[in-house]
Structure formats: C-alpha cells, structure tokens
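A.B. asks: The chain contents come next:
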Amino acid sequence: MQPSRLRLAGLLLAAGVFLLAPGAASTAVAQVTLVGYWNPIFDEDFIERIPGPNVGDYAGLPITAAARKRANTWDASLLTLPEHQCKPHPSTYGFRGVGVLRIWDERDPQTQQLIRIKTHIQWQAQERDIWMDGRPHPSELEPHTWQGFSTGHFEGDVLVVRTTHLKAGWVRRNGVPLSDAATMTERFFRHDDLLTQVTIIEDPAYLSEPLVKTNGFSTALNGTMEPYPCRPAVEVPREAGEVPHHGIDDALPTKEFADRHKIPEEAAAGGASTALPEFMGKLPSLPMLEPIGDPNEGFGPPPAPPAGRGRGAGPGAAGTGPAAGGARGRGRQ
Amino acid sequence: MANLTPRINWPRLAVLGATLTTALVSGVLVTAQAQQAPPLPNFDQVTVRAFKIQGNVWMLAGAGGNVTVQAGDDGVLVVDTQFAQMADKLLAEIARISGGKPIRYVLNTHVHPDHVGGNERFRRAGRAIIAGNVAQDIADSGAEIIAHENVQTRMSRVDGTTPAAPSGALPTDTFFGESTEVYVNGEAVRLIHQPAAHTDGDVLVHFRGSDVVATGDIYTNTGYPVIDTARGGTINGIIAGLNRILDLTVPKDKQEGGTMVIPGHGRIADEADVVEYRDMVTIIRDRVQQMMKKGMTLAQIKAAGPTSDYDGRYGATTGFWTTDQFVEAVYRTLGGK
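The listed protein sequences derive, respectively, from chains A and B.
So for the first sequence, this note's numbering puts the first residue at 2; every next one is plus one.
So for the second sequence, this note's numbering puts the first residue at 3; every next one is plus one.
No lab work stands behind these hints, which were simulated from the structure alone.
Warning: the hint list may mix true and false statements.
As the list claims (entries may be wrong) - Calculated cross-link-like contacts (lysine-lysine; reagent style DSBU-like; alpha-carbon spacing at most 35 angstroms):
id	chain 1	residue 1	chain 2	residue 2
1	A	LYS256	B	LYS295
2	A	LYS119	B	LYS304
3	A	LYS70	B	LYS54
4	B	LYS54	B	LYS256
5	B	LYS304	A	LYS70
6	A	LYS263	B	LYS256
7	A	LYS70	B	LYS256
8	B	LYS54	A	LYS119
Construct all of the structure, not just a fragment, from the sequences and the given hints.
C.D. replies: Rendered as structure tokens:
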C-alpha cells in the first residue's frame with residue numbers, strides 16, 4: 002500500500018470515529034448559521050409595513066367574516082388605553098415590523114449542543130426563544146406569551162420553527178385580529194448576506210386558510226441594539242372601563258377604503274380568494290361601489306375624518322411612532 | 003368535636019350539584035330554552051395536574067374550577083375545592099406540594115358546586131390554628147372555610163333548586179362589605195368581594211407577596227362569562243370585576259408577566275389576557291345596550307349577532323352555556339324584559 006493511501010485511510014478512520022462520538026452529530030455537521038445582526042428589507046408590502054395600512058384594507062388576507070367584522074369595528078383609539086400601550090408585536094407579526102433583528106444561539110458549555118436560538122427585535126424589545134433541544138411544547142394550561150413557545154430543527158440548511166401558546170394579536174395593524182388559538186410554522190433560509198423568513202399562520206377563529214407571508218433581512222455588519230423601555234400613561238381622560246370601538250352599524254371602513262382607492266369592495270374586504278393570483282383576472286368583472294366620498298379623490302392623502310367620529314389609522318395603524326431603528330414611543334410599527 | 007355528619011349524601015349531591023349548577027345557571031336564567039346539563043366527567047379517569055405559578059402559589063387543574071394552593075411553613079391555604087369526587091386526588095397533590103403540611107384555610111370564590119364540592123372533605127383533612135379553652139375541639143373540626151356571606155346563605159338555603167349543603171361544607175367564617183384578609187406563609191392574602199358579577203357572592207383572592215390573583219369565575223378564558231342571574235349575577239358586575247382584576251395586576255414588562263392570574267376555568271393568564279377578555283365582554287355589552295336603545299327585541303338582538311366576531315373563540319351552540327344564553331343574560335341584566 003502506498004504511504005499516501007495509508008494517510009487517506011487514517012484520515013477516513015479518524016473522521017468516522019469523530020462522527021460516531023456521542024453528541025458529535027449536531028455539532029460536527031456543517032449547518033448554516035443565522036447568528037448576527039440583520040436589517041429588515043421593506044420592499045415587500047412596503048405601504049402596509051411602513052406608512053401603515055389603511056383602515057378597512059383587508060385585501061390579500063384569508064380572513065373569516067368574523068375577523069372582518071372585528072376589524073371593521075376596531076377603533077385605533079384602543080391603543081391609547083394604558084393597558085394597550087406597551088404591547089409588543091406577537092411573533093406572528095414582529096418580523097414584519099421595524100427595528101434591527103439580532104439572532105444568537107446558546108450552547109451547552111460542555112457538549113456545545115445547540116440548546117436554543119434567541120431573537121431580539123428592537124421595537125418593544127421583542128425577545129424570543131426557539132428551543133432546539135427537543136423539548137415538547139407545554140401543557141395547554143400554561144401561559145400564552147406575545148412571542149409564544151417555539152421549537153425548531155434544521156432541515157438541511159433551513160431552520161424550521163413551530164410556535165404555539167401565543168397571545169391574541171393581529172395580522173395587520175388595522176384591527177385584523179389573530180386569536181390566542183393561532184399557531185405558526187416558520188422557515189428561515191439564509192443566502193449569503195440575505196435572510197428570508199417564511200411564516201405560515203393558522204387560526205381556527207379568524208383565518209379560513211393559512212396566511213403565508215415572507216420577510217427579508219440583510220446582514221448588518223455594524224449592528225447595534227438599543228433598549229426599548231415602555232411605561233404607559235393616561236393619554237385620554239375616559240370613564241373607567243371604557244373600551245373604544247365602533248358600532249356594528251357604523252362600520253364602513255372597507256367601503257371607505259374601496260371608494261377612496263377605486264377598487265371593488267370585494268377586493269378590499271379580503272378573504273382567501275383575494276390572496277390568489279387568479280383574483281387579479283376577476284377584478285374587472287367585480288362591481289364598484291357607488292362613490293361615497295369625493296369622486297376626484299384618488300390615491301392622494303386621505304381626507305380628515307368626519308368631526309366627532311374619531312375613525313382613523315391612529316398611532317397604531319399609521320405608524321406615527323418612532324422611526325425605524327431610532328427613537329422610542331408607543332406607536333405600532 | 004363538631005358534628006360533621008352529613009344530613010344528606012353530600013358527595014353524591016355535589017356531583018348532582020355540578021350538573022345542576024350549570025343547569026341552574028342557565029335553567030333559571032333562560033327558561034324558554036331547552037336545557038342541557040353538562041356531562042359529568044368520569045372522575046376515575048381525571049388526573050390532577052399541578053402548575054407552579056410563582057412565589058408560594060400553585061394552580062391545580064382536574065375536573066371543575068381551577069384550585070389555587072398557597073403552601074409554606076404555616077401550612078396550606080386553598081382557594082376552591084372542585085367536586086367532592088376530586089377531593090382525594092387533590093389532597094394527595096397538595097400533600098406532595100406542601101410536604102404534608104396541614105390545610106389551614108379554604109377560601110371559596112363563589113357558591114357553585116364545581117368550586118365548593120370538596121369543601122367538607124378538605125375541611126376534615128385540615129386543621130385550623132386556634133387558641134383558647136375549646137381550641138382542641140375547634141381545631142379538630144378542621145380547616146377554616148372563608149367566603150362572602152352570600153355564599154353561606156345560598157349554601158344553607160333550600161330554595162327548590164339547590165339542596166342545602168351539610169354543615170361541614172359550609173363556610174365557617176364569612177364577611178360582608180368590600181374585603182377581608184388573612185396573613186399566612188409570609189404574605190397578605192386579600193379576599194375582595196365583587197358584587198353582582200358571576201353570582202352575588204364572588205371574591206377575588208389576591209396573594210400580595212406572590213403577586214397572583216385567583217379570580218373565580220369572574221374571569222375564565224374558556225368561553226363567554228357565565229352570568230348566574232338566579233344568584234345575582236349581572237353583566238355589569240362581570241365587567242366591573244374584570245376591571246377590578248386589572249386594577250390589581252401590574253405587568254412586568256411589555257404588557258406581559260408580572261402579576262399572574264389564575265382563572266376560574268382555563269389556562270394561566272396575565273394582565274394582557276384579562277385585557278383582551280375585558281375588551282371583548284365590554285364591546286358585546288355596549289353593542290347589546292345600543293341595540294336595546296334602538297328598541298330592538300331580544301330576538302332581534304340575537305339575530306343581529308352582537309357576538310358573531312368572537313364566537314369562533316368563545317362561543318358555543320351546545321352545552322350548558324351557549325352564546326344565546328349569554329346574550330340573553332346580558333340583555334336581561336341590562337334591564338331587558
């Protein structure tokens with residue numbers, strides 16, 4: 002046997018022994034790392050995510066009639082209640098929001114086995130654990146949290162995450178609700194300096210079909226993270242126990258939105274069919290509303306709300322809080 | 003030693019009561035509707051699950067309302083006792099948690115048998131802290147049972163719908179007015195009466211040191227609030243109770259954690275969960291009230307669907323407490339005829 006072949010055999014033997022060593026599998030196999038600072042890319046759904054969604058715009062969301070009704074009666078003034086002011090985004094929405102994302106992992110100091118992947122998003126300090134150690138999800142009687150309980154595993158280079166135990170939240174910042182029975186599956190893909198997150202959200206109460214969204218991030222080589230303290234305050238004097246909301250009868254936001262943007266009400270109202278490409282072909286045949294506003298008004302700035310009605314995007318929907326990655330405040334981002 | 007011999011077969015009665023209570027809640031309330039008693043669980047197959055909340059406080063789940071346990075060097079304080087058939091299993095779990103410490107206090111959040119059914123058994127298993135020349139007799143009679151006076155009144159009353167409870171199951175110490183308190187295991191425990199909410203005898207139990215609130219059925223997260231109008235419950239009392247809970251709770255950060263909430267039924271919660279529920283109940287109350295102002299009848303209000311956007315999460319079309327019954331209770335307790 003040639004000396005070079007001996008060396009090769011020795012190397013192969015050593016590699017085999019190493020791979021058979023207890024606990025070596027998950028640490029030795031090369032796997033993409035997501036660790037680092039990431040800046041959100043807002044090209045996708047920019048208007049919804051940065052200026053903020055219009056009240057009454059549910060297009061493209063596979064929502065139920067119940068979700069539509071809740072959104073149509075939602076009043077942005079709800080967010081002025083002290084008990085609503087410091088709510089962070091739930092993990093079902095947080096990756097769509099603003100603020101730097103930091104990802105790091107925690108490993109057993111002895112074995113270097115991956116225990117969990119942690120994420121932190123600046124706005125409202127959304128911090129999350131993705132358990133990678135095979136632990137089961139907790140009992141249905143355990144508390145629900147904004148970020149939920151997440152477990153993950155790698156499928157090749159793709160991180161797959163399953164989340165349960167979520168608090169009731171939202172899927173769009175104009176009152177479209179998500180119940181605390183919702184669950185989420187995510188897939189994280191890394192391609193060099195880009196990170197893509199796919200979310201698949203299911204909710205028996207408010208979604209007729211899974212809601213699929215993607216969010217993009219790019220590496221932030223000079224990443225920093227600021228704290229995000231939040232302490233609520235009384236912003237509007239109210240009678241104790243008052244909960245702002247619109248009545249069923251005066252719930253017209255979808256009509257207003259459709260009229261303002263000259264689109265069929267059926268499109269504005271959302272629903273599973275509006276999430277499909279085929280819906281575009283259907284649009285020309287859908288009836289338009291009789292104008293209920295200024296017929297010359299198009300995509301320009303929205304008119305002031307009627308006096309005393311109080312409808313409007315408000316601090317939450319309009320995103321009038323702090324700018325991305327910058328100052329602090331209570332606005333929904 | 004006090005005579006604790008039941009005049010009637012209370013354990014069996016408690017099971018019956020479990021059926022009856024909910025039936026009564028709805029039966030007395032909504033006489034026009036066919037009532038469906040809830041199926042009783044097979045108690046042999048029910049296991050008790052214990053959840054450490056924080057501080058000295060645990061939650062036990064089995065069959066019936068959640069049981070809150072506070073354990074420490076002084077002994078054990080228990081809030082609610084589920085059904086009589088669950089007593090042995092619950093007591094075994096409490097002994098495990100507490101290291102065999104005696105039960106000193108049993109607090110009742112309200113009168114329903116799925117919360118007081120085990121009272122007699124729990125009392126017998128416990129031992130009060132007593133001094134004086136009759137101390138031995140009193141201590142031997144078991145743990146103290148503390149409740150609002152309306153709980154004792156209703157448990158004692160033979161009113162044609164509920165049989166009177168045996169003396170051993172009755173509260174031994176009652177209070178009237180806003181609140182009463184005990185100090186045990188190094189922390190103050192306040193019983194706060196919430197008038198005319200789920201019933202007329204509701205109390206919230208606030209563990210000030212452990213920072214936990216046990217709410218009884220003023221707050222549940224399994225469905226719409228049950229309003230026992232036959233026993234003095236009202237929608238506005240429920241909402242006032244939910245807001246009272248929010249007065250007691252302080253989230254740790256970002257509207258999460260901090261004061262923890264043990265609901266009468268359902269999962270462990272915190273302030274944000276109660277806010278979500280309070281908002282829902284308040285909005286539905288406001289809608290029904292608005293419809294009543296327009297002169298709509300109960301049938302018209304039901305047809306208008308004032309709850310339809312919440313039914314997927316909280317509603318029920320069958321069982322002992324349906325969405326229809328909830329809407330009717332709201333309507334009636336807002337003055338609808």
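A.B. asks: Which earlier hints can't be squared with this structure?
C.D. replies: Hints 2, 3, 6 contradicted; others consistent.
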